[in-house]
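Which chain is which? The protein sequence lines are A and B, in order.
Just so you know, we're using our numbering here: the first sequence kicks off at 35 and counts up by one.
Just so you know, we're using our numbering here: the second sequence kicks off at 2 and counts up by one.
Think of the hints as simulated: they come from the structure by calculation, not from any bench.
It cannot be assumed that every hint is accurate.
Stated by the list, open to error - One side only, chain B facing chain A, incomplete, derived with CB under 10 Å:
{"no.": "1", "residue": "Cys14"}
{"no.": "2", "residue": "Lys21"}
{"no.": "3", "residue": "Phe35"}
{"no.": "4", "residue": "Ile94"}
To be verified - Non-contacting residues of chain A with respect to chain B, defined by C-beta distances greater than 10 Å in every case (computed):
{"no.": "5", "residue": "Lys50"}
{"no.": "6", "residue": "Asn92"}
{"no.": "7", "residue": "Gln146"}
{"no.": "8", "residue": "Pro149"}
Note that CB positions come from ideal geometry on N, CA and C, so glycine has one too.
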Amino acid sequence: AQKITQTQPGMFVQEKEAVTLDCTYDTSDQSYGLFWYKQPSSGEMIFLIYQGSYDEQNATEGRYSLNFQKARKSANLVISASQLGDSAMYFCAMRDRGNTGKLIFGQGTTLQVKP
Amino acid sequence: GAVVSQHPSWVICKSGTSVKIECRSLDFQATTMFWYRQFPKQSLMLMATSNEGSKATYEQGVEKDKFLINHASLTLSTLTVTSAHPEDSSFYICSARWSYNSPLHFGNGTRLTVT
Numbered sequence: 035a036q037k038i039t040q041t042q043p044g045m046f047v048q049e050k051e052a053v054t055l056d057c058t059y060d061t062s063d064q065s066y067g068l069f070w071y072k073q074p075s076s077g078e079m080i081f082l083i084y085q086g087s088y089d090e091q092n093a094t095e096g097r098y099s100l101n102f103q104k105a106r107k108s109a110n111l112v113i114s115a116s117q118l119g120d121s122a123m124y125f126c127a128m129r130d131r132g133n134t135g136k137l138i139f140g141q142g143t144t145l146q147v148k149p
Numbered sequence: 002g003a004v005v006s007q008h009p010s011w012v013i014c015k016s017g018t019s020v021k022i023e024c025r026s027l028d029f030q031a032t033t034m035f036w037y038r039q040f041p042k043q044s045l046m047l048m049a050t051s052n053e054g055s056k057a058t059y060e061q062g063v064e065k066d067k068f069l070i071n072h073a074s075l076t077l078s079t080l081t082v083t084s085a086h087p088e089d090s091s092f093y094i095c096s097a098r099w100s101y102n103s104p105l106h107f108g109n110g111t112r113l114t115v116t
């Protein structure tokens, strides 16, 4: 079965510094998709970045980049130049192999940015 | 970007009553919508997958008679919590996508409190 693991329940980072949020996954599929979402305290889920398993380059979106290491089955999110507004819960997710394409989420990491 | 509207944002109801939550895709046609449930500080748990014009597919352990899902059109899915009890109190969040490979876009969620 497919599985997503986030081993950091909580992280702190100083404002303006970079931070890496870990995500490992388990799948026997060759083709798969990995996603990162941000959930502020207000509750909405905000899509940040996507990485396809066949993408040769690491995905980047502004201050977000995904450090994709296929052999290690890891897809860590890197946030550069942290801002106070980055304080939130972050979820890594994988698209399920079934025909529904539902997302399977990791446990989440709570990030707090210190001023 | 893609917008998903969820209504209401919060609702308080008495035990034994039913509550309906609406999820609308505002600027795209959503062939598939997903309903998640989230407890405080925890990950999102998929309840069911909703396809337009067909019956919803429920995840194991989710009571289909208690959580009624209707995907009446390509832009609207509803979740009805029937005969609600205090243990149904939770954060319910819907998501939608326009194609298999597109990211899921989430509504802002509904905080349900059953007294």
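Legend entry - Distal placement of Gln146 (chain A) relative to chain B, Cβ over 10 Å: holds, 13 Å
Legend entry - Status of the Lys21 (chain B) interface restraint (C-beta, 10 Å, chain A): violated, 19 Å
Inset, instruction - With 10 Å as the threshold, tell me whether Lys50 (chain A) passes as away from chain B on beta-carbon distances. - result: For Lys50 (chain A), whose nearest Cβ neighbour in chain B is about 27 Å away, the distance exceeds 10 Å, so it holds.
Inset, instruction - Grab the minimum beta-carbon distance between Asn92 (chain A) and chain B and tell me whether it stays above 10 Å. - result: holds, 17 Å
Inset, instruction - Using Cβ atoms only, decide whether Phe35 (chain B) comes closer than 10 Å to chain A, and label the hint accordingly. - result: Interface hint status for Phe35 (chain B): holds (6 Å vs cutoff 10 Å).
Inset, instruction - Would you check whether the claim that Pro149 (chain A) is not at the interface survives, using Cβ distances to chain B and the 10 Å cut-off? - result: holds, 23 Å
Inset, instruction - Have a go at the Ile94 (chain B) hint: is there a Cβ in chain A nearer than 10 Å to its own Cβ? - result: This interface hint holds because 7 Å falls under the 10 Å limit.
Legend entry - Interface restraint verdict for Cys14 (chain B) against chain A (beta-carbon cut-off 10 Å): violated, 19 Å
Of the numbered hints given earlier, the model fails hints 1 and 2; all others are met.
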